[in-house]
Structures are given as structure tokens and as C-alpha cells.
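Place chain B on chain A using the hints.
2 protein chains.
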Amino acid sequence: MIEQLAGRLTPTRADTRLGVGDDAAIIEPGGRALAVTTDTLIEGRHFPVGTTAFDVGYKALAVNLSDLAAMTAEPAWATLALSTPGIDSDWCDAFIDGAREAIGGASVDLIGGDTTRGALAVTVTAIGTLDVESAAYRNAARVGDVIAVTGSLGDAAAGLASLSQDQSAPISINDELVARLNRPTWRKGAALAGMVHAGIDVSDGLLADLGHILEASGVGAHLNIDALPASAALSAWVGGEIDTRRRLQLTGGDDYELCLTLAAPKLEQARAAIGCALTPIGEITADRGLQLSTADGKTFESTVFSVAGWDHFDDPSNPQ
Amino acid sequence: MIEQLAGRLTPTRADTRLGVGDDAAIIEPGGRALAVTTDTLIEGRHFPVGTTAFDVGYKALAVNLSDLAAMTAEPAWATLALSTPGIDSDWCDAFIDGAREAIGGASVDLIGGDTTRGALAVTVTAIGTLDVESAAYRNAARVGDVIAVTGSLGDAAAGLASLSQDQSAPISINDELVARLNRPTWRKGAALAGMVHAGIDVSDGLLADLGHILEASGVGAHLNIDALPASAALSAWVGGEIDTRRRLQLTGGDDYELCLTLAAPKLEQARAAIGCALTPIGEITADRGLQLSTADGKTFESTVFSVAGWDHFDDPSNPQ
Numbered sequence: 004m005i006e007q008l009a010g011r012l013t014p015t016r017a018d019t020r021l022g023v024g025d026d027a028a029i030i031e032p033g034g035r036a037l038a039v040t041t042d043t044l045i046e047g048r049h050f051p052v053g054t055t056a057f058d059v060g061y062k063a064l065a066v067n068l069s070d071l072a073a074m075t076a077e078p079a080w081a082t083l084a085l086s087t088p089g090i091d092s093d094w095c096d097a098f099i100d101g102a103r104e105a106i107g108g109a110s111v112d113l114i115g116g117d118t119t120r121g122a123l124a125v126t127v128t129a130i131g132t133l134d135v136e137s138a139a140y141r142n143a144a145r146v147g148d149v150i151a152v153t154g155s156l157g158d159a160a161a162g163l164a165s166l167s168q169d170q171s172a173p174i175s176i177n178d179e180l181v182a183r184l185n186r187p188t189w190r191k192g193a194a195l196a197g198m199v200h201a202g203i204d205v206s207d208g209l210l211a212d213l214g215h216i217l218e219a220s221g222v223g224a225h226l227n228i229d230a231l232p233a234s235a236a237l238s239a240w241v242g243g244e245i246d247t248r249r250r251l252q253l254t255g256g257d258d259y260e261l262c263l264t265l266a267a268p269k270l271e272q273a274r275a276a277i278g279c280a281l282t283p284i285g286e287i288t289a290d291r292g293l294q295l296s297t298a299d300g301k302t303f304e305s306t307v308f309s310v311a312g313w314d315h316f317d318d319p320s321n322p323q
Numbered sequence: 004m005i006e007q008l009a010g011r012l013t014p015t016r017a018d019t020r021l022g023v024g025d026d027a028a029i030i031e032p033g034g035r036a037l038a039v040t041t042d043t044l045i046e047g048r049h050f051p052v053g054t055t056a057f058d059v060g061y062k063a064l065a066v067n068l069s070d071l072a073a074m075t076a077e078p079a080w081a082t083l084a085l086s087t088p089g090i091d092s093d094w095c096d097a098f099i100d101g102a103r104e105a106i107g108g109a110s111v112d113l114i115g116g117d118t119t120r121g122a123l124a125v126t127v128t129a130i131g132t133l134d135v136e137s138a139a140y141r142n143a144a145r146v147g148d149v150i151a152v153t154g155s156l157g158d159a160a161a162g163l164a165s166l167s168q169d170q171s172a173p174i175s176i177n178d179e180l181v182a183r184l185n186r187p188t189w190r191k192g193a194a195l196a197g198m199v200h201a202g203i204d205v206s207d208g209l210l211a212d213l214g215h216i217l218e219a220s221g222v223g224a225h226l227n228i229d230a231l232p233a234s235a236a237l238s239a240w241v242g243g244e245i246d247t248r249r250r251l252q253l254t255g256g257d258d259y260e261l262c263l264t265l266a267a268p269k270l271e272q273a274r275a276a277i278g279c280a281l282t283p284i285g286e287i288t289a290d291r292g293l294q295l296s297t298a299d300g301k302t303f304e305s306t307v308f309s310v311a312g313w314d315h316f317d318d319p320s321n322p323q
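Going down the list, the sequences are from chains A and B.
Per this note's numbering: the first sequence = residues 4 to 323.
Per this note's numbering: the second sequence = residues 4 to 323.
Just so you know, these hints were derived from the structure itself, not from any lab.
Heads up, the beta-carbon is just placed ideally off N, CA and C, and yes, glycines get one too.
One or more of the hints may lead you astray.
Said to hold, decoys possible - To list a few chain B residues with every Cβ distance to chain A over 12 angstroms, as calculated:
1. A36
2. A79
3. A143
4. T188
5. H215
6. A230
7. A235
Claimed, not checked - Derived DEER-like restraints, expressed as beta-carbon distance ranges:
8. R16/B x G53/A: 30 to 40 angstroms
9. T13/A x T302/B: 32 to 42 angstroms
10. V146/B x C279/A: 53 to 63 angstroms
11. D134/B x G278/A: 33 to 43 angstroms
12. S110/B x A289/A: 35 to 45 angstroms
13. R16/B x G278/A: 20 to 30 angstroms
14. A289/A x D93/B: 36 to 46 angstroms
15. A122/B x V135/A: 35 to 45 angstroms
16. E179/A x R145/B: 55 to 65 angstroms
17. G47/A x S92/B: 18 to 28 angstroms
Bound-form chain A, shown alone (with noise of 0.2 angstroms):
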């Protein structure tokens, strides 16, 4: 749905200098470019049902910083639009509290609000700062790139499929992968303006959103996959369950990590810059396609794992 939009609302104004179809687009009214993104978030779909006001405000802000990070912009302005059962001024105290909590210490101003009655959903829009020549973008991966990551993959998905009692994992509830699921850390993504080529937010899983770097880029990739970081918590969860780590980590959704590419001698500068773990996990290639490997030498298509992320248009409960 999002390309069939996208197709029709080809920008006109000369001062907007990118649309619909990357993290963020791009406006230009004065001397500085600004970076907009808006993401929705409904109960039950992209927050377990039962979930505090506060990580609910969190989270809504949490994403939406992710994507102006993924295009390397400072956060400066939020809009929150609220749809709640009903008027609770605990409710809304505590939602306000969760967005502040993930702001940060960022310097990130809520300009805007509206409140409505309706199923809980929150809808933020956020507008940072960025340099356009020196942004990322996903159509600027090259070829012989370094693919890194920041942070740890599958937490999310993991703490997702604790909270579900996902048969095919283990079951037991893990209060800091579900901690991961609800309040992503954003990553300082505009402290790496000018170091990396393209950016992209993993928030529908890793192979679904590096794929959309390879297709916007017209490049391919290796990825060797016992590379992808993995939190002690996820390690300690899935035990032996290698396959399990494997598919969380590949397409579980939520991890709000960032996904970049960048020449491998940028690479210790950009980790120093951002301030978290980044690890290479992988190449970017002329040949299309998306290939994996393991440590011991196996290599395989992506397509093997069945569905290449995960789908906000399927049960939420069960993102396989």
C-alpha cells in the first residue's frame, strides 16, 4: 500500500527535496533541511494489549525518532495525535512521562497534539534537522560497503514471542527482552552524518529492511548471519535453539536498530561517533540477491526464512 501511495504523490514543490519512500522525507522552506516522519501505533498490533501508558508514550516516540536517526537527522520537533477509550488524566500523565523518558536527553520539543476518543492508537510525527548532502539514504548503498548494525538483533521478537507463549520458542517470560520490545532505544543516528552511505531503521525485521536498502540501491548483499549481534538476554532464552535466534534476529520486528552501510575504513570512526556497539554482519555486492552464510561455511538464499520480516498486516502475536 505504501508503494501504491507513494507512486501517486511525486513531489511538485521545488523546495522538497525528498517525498514518500525513504525513512524520512525531506523539506527545504529555509536555510536548513528538515527530515519528517510520521508512524502509527495501534494497541495490539504494534503493542501488546495491556500495555503501560508509559511505554505506550515511549514507544510512539521511540520509533519515530528511529527514523529521523536512520537518515542521520537531529530530532527537534514531535506532534503526538492520541485516540484513547476514554479521558484518564493518570493515563495521559503517564504517556507524556514515557515519551519525555524517550527523548532523552535530546532536545525535542512536542509542538502539537490532538485528542480523540477511539481505539488506543498514537500517531507521531517528527521533524529533525539534517544535512542533505552528508545524509543517508537508502539508495545510496555501494557496492564493497561494510553492512553494520547497531546494538543487538531478535530482543524485540523475542520478548514478543514471550509475552504470546509462542509455541515454537521458548515460553518462559524475560522481563528485559519484553523491556527491548517496549522501549527500543533510538540510536544517535545524526552523529554519523557524512560516515555512512545508506540507513535504514530495523523495525520490520532485519532481511525486510536491508532488503529495502538493496532494492532502492539496485545492489545485493552477503550477510554472514552467526555474525548478528545477539543480547546475552536473547542468548540465554533461546539456549540451544539456534534456529530460533536465527529467525528472530532475520525477521523479528522491533528491534528499532539501525541497519547502515558504510566503507569498512569508516568503520571504527562511525562506531566511535555513535556511541553503542556496531558490528559488521555482512557486504554489500553487484550481484543482487541476498545471500547468507554461516561461520562454518553453509551458505543459503534468504528466502529459506519463509517470511522476510515482519508484516504489521498480520497477527501481531505471531510475526512468523
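Chain B only, in chain A's frame:
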């Protein structure tokens, strides 16, 4: 709830000129100031169940462009966050057609989108350019100002009442009135920059929305309720039911006309600039409160209208 949120959302950035609390926020990232507004429309609340995709798209854009117009901002960009029960290509096409129709000849790019599955709802964020010195603000009404409204009032509420077979009003469905509900005209408020002091769009009903101006400006008003402009369709529909007409015009929402205050000598210039009817309906007074009078000299307090506005938390089929 808005007030509660606003009290906790004090801007901290030097380039945020105005935060929550007016029709739009104002940011000034570079050489040009931007007005930003966001509004959610939910099926069964902001548009009747069964409204066409075209009309949903139309109204979602129109109500947001109207918020910009109330600040005298020139609309430039909008993002769409759409929640629908399923993917339907034809529906989306018609939705975009409607959005484009609402934009009309204005230079507005649709720069962002998000689609998800859920109850039918749309959140639009609109961004426009404005001059902060000449813009209209809710807190800028001056004693002695003429109060004027664009177009005509009460049509949308009459359209809704006709659809919902409201027993307190005529029950015939009037297509012209329903069209005013589904495809509200947003007025080209940008043309009024520098001519008006205070402005708001009539989304919740004249008494409620004018009340926001009075409260923010610390003033009162006198309204001549027989001066309220009524369309021929409304007059025909209500027939001799003058109390029904008054109720619809004073408390009915969703007209998206502009309610403005301005110095009397500016009225002709403003009327010529905006290119639609601009009717004086009263004046701003130093005495707080809102006094209503009829052409035959009767006066009464606005509180005789039991609910001062269209509360979207009430049953939308019963706006009284």
C-alpha cells in the same frame, strides 16, 4: 485533555516560536517560520460510518489545511497516517484522489505516509509557511474588533443531523448539507495575513471556538445571532424552525469556516482578499463573557445553549 497535555509541553528550543495551544504550532528552523498542525479523524466520530474513501481523504486534508488557514499560514506539506481494516487498492486510490481534491490548486506536497491495519482512522500532519509577525493567534483579539466568519455556519451539523435522523430536526436527508459535512471547504486564510488579529477555525461549534479566542485573549464578545450567515440549503431545510437553525449555527461543529477578529476598517480589504463571504457577526468587548442578542433586541447568555460546542467525546450522532 489537551489542556492537561499543553501544560506539560512547554517548549524549550529557541527555534520553537509557539507550542501546543493554538490552531498550529510555529517552528523557525531557518529563514522561514513554519506552522505545524495535526488532526485525527476516526470513523463514526469525525465522519459517518460508510463515508466514501474519497470523502475521508478529502476531509482529512481539509480539516488540517483549515487549521493552518486559521493562523494565516500558507500550506506546503502534509503527511498521512492511515489505519484501515485491510488493504484495498481501490480504496487507497480514491482516498488519495480525495486528498488531492481537498488540496485543489494549493501547492501542497504529500511527503510522508504510514499505513497500518486497524479501525478506520486517519491522522494528517500539515506544515505551512507563515510570517510570525502578521499571523493570527487565538490570544490576539482586541477590544472593539469586529468578529467575522467566512462562508456560512450550521450546514455540516445539519447534514449530520439529517443523516442520523435526529428527532429534534427535520429528518429529510439533504445532499447539499451532507456534502458540507463530508467535504468541508478550507478557507484561504493565508490571504488575510496582516489584516486580522485573532483567528480560529470552527470545528467544534462557533460558541466553543470563539470561546477559545475570548479565553486566550482575556476579552468578551457580543454576538448578533440573527447575523449568523446561513446557506440557502440550511434555511430551506430548517424551514420555520428558527431555534433549530440557531442551535446548529451556534453549537454545530465541522463547518471549518474561519472565525476572525479584526479592526472594522479592515473588513472590506479582508473580504476582497479571502474571496468568499465574510460576515460581521459581533464585536469583542472588554467585559468578559459572551452575550448573544437577536435582531429584535432580546439578549441572553450563551449558556442557554446547553452544550457550548461539539464535543468529539460525545456521541457524534448527537452533537447537541
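Hints the structure fails to honour: Per hint list: 1, 2 and 9 violated.
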